[in-house]
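**Q** Please put together the full structure from these sequences, using the hints given.
Protein chains: 4
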Amino acid sequence: MNLSGIIGYPVTPFSQDNKHVAIDKLGHVIDVLLDAKVDAIAALGSAGEAAYLNEAEWKQVAEYTVQHVAGKVPVIIGIAELTTEQAVQYARHAHQTGADMIMLSPFSYFKLSEAEIFQHYETVAGASPLPIMIYNNPATCGVDMSPEFMLKMVDRIPSAIMIKESTGDIQRMHKIYTLSDGNVPFFNGCNHMALEALNAGASGWCTAAPCLIGDKPGQLYDAIKQGESEKAKELFYQQYEFLEFIVSSGLAAAVKSGLALQGTDVGSPRKPLLPLNNQAQQRLRGMLEALA
Amino acid sequence: MNLSGIIGYPVTPFSQDNKHVAIDKLGHVIDVLLDAKVDAIAALGSAGEAAYLNEAEWKQVAEYTVQHVAGKVPVIIGIAELTTEQAVQYARHAHQTGADMIMLSPFSYFKLSEAEIFQHYETVAGASPLPIMIYNNPATCGVDMSPEFMLKMVDRIPSAIMIKESTGDIQRMHKIYTLSDGNVPFFNGCNHMALEALNAGASGWCTAAPCLIGDKPGQLYDAIKQGESEKAKELFYQQYEFLEFIVSSGLAAAVKSGLALQGTDVGSPRKPLLPLNNQAQQRLRGMLEALA
Amino acid sequence: MNLSGIIGYPVTPFSQDNKHVAIDKLGHVIDVLLDAKVDAIAALGSAGEAAYLNEAEWKQVAEYTVQHVAGKVPVIIGIAELTTEQAVQYARHAHQTGADMIMLSPFSYFKLSEAEIFQHYETVAGASPLPIMIYNNPATCGVDMSPEFMLKMVDRIPSAIMIKESTGDIQRMHKIYTLSDGNVPFFNGCNHMALEALNAGASGWCTAAPCLIGDKPGQLYDAIKQGESEKAKELFYQQYEFLEFIVSSGLAAAVKSGLALQGTDVGSPRKPLLPLNNQAQQRLRGMLEALA
Amino acid sequence: MNLSGIIGYPVTPFSQDNKHVAIDKLGHVIDVLLDAKVDAIAALGSAGEAAYLNEAEWKQVAEYTVQHVAGKVPVIIGIAELTTEQAVQYARHAHQTGADMIMLSPFSYFKLSEAEIFQHYETVAGASPLPIMIYNNPATCGVDMSPEFMLKMVDRIPSAIMIKESTGDIQRMHKIYTLSDGNVPFFNGCNHMALEALNAGASGWCTAAPCLIGDKPGQLYDAIKQGESEKAKELFYQQYEFLEFIVSSGLAAAVKSGLALQGTDVGSPRKPLLPLNNQAQQRLRGMLEALA
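Chains D, A, Z and V, in that order, give the protein sequences.
Numbering-wise (the working numbering), the first sequence opens with residue 25 and increments by one.
Numbering-wise (the working numbering), the second sequence opens with residue 25 and increments by one.
Numbering-wise (the working numbering), the third sequence opens with residue 25 and increments by one.
Numbering-wise (the working numbering), the fourth sequence opens with residue 25 and increments by one.
If you're looking for bench data, these hints aren't it; they were derived computationally from the structure.
Treat the hints with care, as some may be off.
Since the list gives no way to pick out one identical chain from another, each pair is judged satisfied if it fits inside one copy or across any two copies.
Lysine-lysine pairs mimicking BS3-like chemistry, simulated, CA-CA at most 25 angstroms apart [what the hints assert, rightly or not]: (1) K135 to K43; (2) K61 to K255; (3) K176 to K295; (4) K257 to K240; (5) K240 to K199; (6) K43 to K83; (7) K176 to K199; (8) K199 to K135; (9) K199 to K257; (10) K176 to K135.
**A** This is the structure:
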């Protein structure tokens, strides 16, 4: 599997009472991403509030996404479960639905040792033939994996073939690049670090931003790949305040508010998550208008 | 509800294949705690691997604990769920089982604002008449609550009446004590800080240690309450290495290994958690022998 | 040398134009400490703004302090220099003045390795026959020393015989106590952690607080040594807000403002340090009145 | 003053006994930097061990540097003093020697408030007509200045016209750029972040690397300015291990060892700083050979 470019992350729409997935509206969100010409779609990531879905909802979103994308671009399924058993079950389901890849992160209550994380990845890898993107996001998952450790997993677990790095520390990417002689693909998962990640050799950028600002992230990616560094810098700084805002406000809340401002009500994030307050909505409105 | 002293935390026994709760063995663990003369029992805490149980298992453990304790001491039920809806459901269930109190913490994937946490507590409080112990444990739950904020919740949510502090920062307890003029009861949740927490005015100590070392924690509590500070210091340093070990090794893994060393096989922690390795088991054996 | 109890830290008075040490006023500050019945006096510590004195001023303060104390209690001289050569020179001078002990900390610009710190202590120890108190205060000195490393220095450098711990982490003291079987004396350097440090086995408390609140710290020390733990808790919480305030406001600024409020103008701290602003002075006035 | 490109940092050679500046060898180090075609020379920075020099040595280095550079490129003088008075004196001296600019950072023992830092900069700015580069390096100086605060100083202190950022957090540079609409020049002070700093709009790179690897940093700068992003990435990764090494080993120690390996003995860093140990020297030798 040869993946690069923009990987788009849909949010998961909910009903007005916050109790059910509004599955038809998910189709609209996916269409927005496809219109933005993303290179792949990753369901059930952070932005998709996967951690807040029950099992039936989770499977429904996975299945619907694969069907709706219908092969136009590859579909990646995020798995971040507390138990290895649940992660195994979801990995099998992802394969059954016809997804193309798994993005696997070690969500934790107790801190996990490297031996525990390794066993988790190895077991999940053994449960499905899908390739695995190792996903490091300590801010949400509570576990941090070093570049050295992730590369060890790439080396020893055949289906673990790429890395998504979301710590926001550019040095991690330098380490991945140098320690692997540039041979292990890595993706940027920190929106407001996209410029430097791509300049440092990232294969692409995992982002929910195209839900709201269309192909602007794709334009940035293209400018860098074509060596137009001044244009890339301009495009990045145009989007910078917005990118930082959606991260610091919470991706799901920010993207859902933005979609509502653009005319599509996809409901609120699931409680205890709250929608943006009025002031934050006004800021977002201003940024979206400036980027339109 | 007037709670003080040692609150004992049972681990949750699993079957050999790690797939089911071994409910009969839970009775044995509870009996060990009752023999250690704990002043209350808290099921489904960190040590109880609540985060790794599915809904049916969770409810089974809650029900069994209340029945088995049978009123000998109060029963507290820990709730640390990602969604408010699930926490509400568990709070109702805890009340239905006949438990005496809820220990509520805000487990998170996305970081939560104080507004989000407040709403979570208020909603759960509204779902059951049980008193609530506010539980702050950022290392496992991913959310940190300041003394000021927790006292605000005590002030505004009538059933939120006490605090369990597990950051390991003794200054938090000084703040709770001084800001509330000593009027809001707080409990120590950091095993290897028990001496200073109790000296600083903590009403008690929440701990899984009595699963393995009987009434040693209770002796420390009594020494402090009786003003025997030199004896308290001695008792604390006797237990210190052990207390630090079970925290740094992972409570569930350490207590389960210790129970096995003492003759009761309660299975392994649930994967991805691993049991203690051989070297750690040897260290634990030595410490338990020294404390026997 | 058998040291225990309260070690009092004088501030260094300056002239109105901030340019000179007002040496006669230093005598008053020392007298305040002696009236408070401190068990030793430590000149040229953090509170004494040693880092902001030139060499002539530094030596003047050392000499004057030894003369003025005149053997009533032991005198400790703080040394925190960037170069080993300067620290050696000051250690020799401290001995020549007739001081009783050196308190040595590794002030740094570049981070120092343990090899570098060890060499620094060993060289300074070789330059004077005075006993050395190893002082760990990473917040001001930029270097953190683990309990294990400090105990190694106590083991290998004959004149390094005690430790002052100022990280504010009570676990450091537990480690010093357990790793040395209670045989290496340690002192508390974190004012608002005095209660737990003394309960955990500290030999004493290094503090500038007696400059303003007389023997209150000494009363706390006595209560703990006499096993009056409830009284100790009360005394501690009486002083708590004040103790935290002088640390968070900057010791030199806070103590100098307090002395002015009590009728002795000792000038401002040396720039860039600023005196307390009006609001902070009002808070301090209130706290001092409540403690009078 | 319109500064951009590579600002080279000489180390300060010492005599064999570590007691004196070997001033003639400083000429050689400066010549190495001029041969590397640096765009400016900054004396008395971190690499120059300014913090470890006495006043006479400091002034000697400043004077010699200005004379030896002799107008070929601008000369910047670093000032990082604990007292405002000493910084003022050095600022006057820098002007008298004929230097072109001051690089000013707030070295601290006690943490400084923004009011204290502002007053420090304002006072030093008033003492000399030289333009000031605000230098933020919390790892060595113990004080962190936010982009917002530094821009406030640029706004209110006329001679404070540019910023050197050394936290290693690329987001700081994004903030400086966006908050100033790209109008306040900033320089990179974190060697192993040079690629992203320059891509993010930095005017240049402050580095001691040209002491050892000639115009390699300059080639990287040129590649980025000419929009050759793929070449820039290659040049950066060629130097990356070396750049990270000299930072993590201590700039003065690493550069001095490297110069010795290349045939020029400039002595050891000043104690307590130690030279590289054998193993580190071997690593450095390998890296220098690969880059030659």
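**Q** Hint by hint, say whether it matches the structure.
**A** Verification of the hints:
no. : hint         : result
1   : K135 to K43  : between (31 angstroms within a copy, 21 angstroms between copies)
2   : K61 to K255  : within (20 angstroms within a copy, 28 angstroms between copies)
3   : K176 to K295 : between (38 angstroms within a copy, 21 angstroms between copies)
4   : K257 to K240 : both (13 angstroms within a copy, 23 angstroms between copies)
5   : K240 to K199 : between (28 angstroms within a copy, 20 angstroms between copies)
6   : K43 to K83   : both (16 angstroms within a copy, 21 angstroms between copies)
7   : K176 to K199 : within (13 angstroms within a copy, 34 angstroms between copies)
8   : K199 to K135 : both (24 angstroms within a copy, 23 angstroms between copies)
9   : K199 to K257 : both (23 angstroms within a copy, 14 angstroms between copies)
10  : K176 to K135 : within (20 angstroms within a copy, 30 angstroms between copies)
When each numbered hint is compared with the structure, no violation occurs for any of them.
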